[in-house]
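Listed here are the chains, written in short residue letters.
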Amino acid sequence: MPRPSVLFRRRREDSGSSLIWFISVLALVVLYLGALVSASSQFLAARQVADLTEQFALSLKTQLNIDSTSSIDFLGRNLFAYVAPKYRLDNLHVKSVRLESGKTVHAVICSTWQAPFPGINLSREICEEAFAR
Amino acid sequence: MLLEAVGFAALAFGLLLTFSLQVFDLERRQLGLEQVARNATRYFILNPDSDLGEAVSSFQALDQQFDEDQLEVSVRCQPTDCQSSGTFVWLELSVGVNVAKAFGVIP
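Residue numbers (the numbering used here), protein chains in the order written: chain S, 57 to 189; chain W, 46 to 152.
One should not assume that every hint holds.
Away from chain S, derived, C-beta distances all over 12 angstroms, residues of chain W [unchecked claim]: (1) E49; (2) E72; (3) Q80; (4) A100; (5) Q109.
Examples of chain S residues lying across from chain W (beta carbon under 7 angstroms, computed) [unchecked claim]: (6) V86; (7) L87; (8) L100; (9) Q111; (10) S115; (11) T118; (12) Q119; (13) L120.
Treat the hints as calculated values from the structure; they're not laboratory data.
Each residue gets a CB set at the ideal place from its N, CA and C atoms; glycine is no exception.
Just need the whole structure built from these sequences, with the hints factored in.
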């Protein structure tokens, strides 16, 4: 069996190193895109929870001003039960809602953010608080 | 080898840049739409005699990125009268893939 020439051996080495380089850069690109999309999705989810919490606190305070005989828990439960199904946020729940100094509504609402990639179990709890007086 | 590397880098980073810009543009539009929905709802709650559709158009006009867009507006009130004190107002705006929601109670 004839021995391979020097030129042939060199070509084979070049081809191998090129493939490794290609796969490495491709992996980096995929990781970057995944991180970018995840960060963007998490930021928007947090903004949505913050908006919801602010509007919830403000609406609850308005309802309390109109109907001062009802308890904040009762009104808060009703309002949240009406609003929550309209948002596509996982595990959306009221962590706490209370009246501070008899005047200021303080609400904390949480949700679980899930990575927008099927098969990747990446999640984080997002909690936002709001005050309305 | 060098040609392959340069070609691949140009292609990959070109796609990367395009995709990144699209993601940030989508995010910008989403934040803008939420702002329009929030502002229009708050304006309507403080002025229940006004027209919510007109309020949306006014706030849309302030944001240049929606200049050429036709926003889909959905309003729901509970009870059905959108002007009485204690009425719950729900506003949903959508354009393309972006959807924004806002709500409030008329004082």
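Now for the hints, and whether the structure bears them out:
1. E49: Violated, because the least Cβ-Cβ distance between E49 (chain W) and chain S comes to about 6 angstroms, which does not exceed 12 angstroms.
2. E72: Given that some Cβ of chain S is not farther than 12 angstroms from that of E72 (chain W), nearest at about 5 angstroms, it is violated.
3. Q80: The assertion about Q80 (chain W) is violated, with a minimum of 10 angstroms to chain S.
4. A100: holds, 16 angstroms
5. Q109: Non-interface label on Q109 (chain W) holds, nearest chain S Cβ at 21 angstroms vs cutoff 12 angstroms.
6. V86: Violated - the Cβ of V86 (chain S) stays beyond 7 angstroms from chain W, reaching only about 10 angstroms at its closest.
7. L87: violated, 11 angstroms
8. L100: Cβ of L100 (chain S) sits 6 angstroms from chain W, so the hint holds.
9. Q111: holds, 6 angstroms
10. S115: holds, 4 angstroms
11. T118: At 4 angstroms from the nearest chain W Cβ, T118 (chain S) passes the 7 angstroms test, so the hint holds.
12. Q119: holds, 6 angstroms
13. L120: Hint on L120 (chain S): violated, closest Cβ of chain W at ~10 angstroms, above 7 angstroms.
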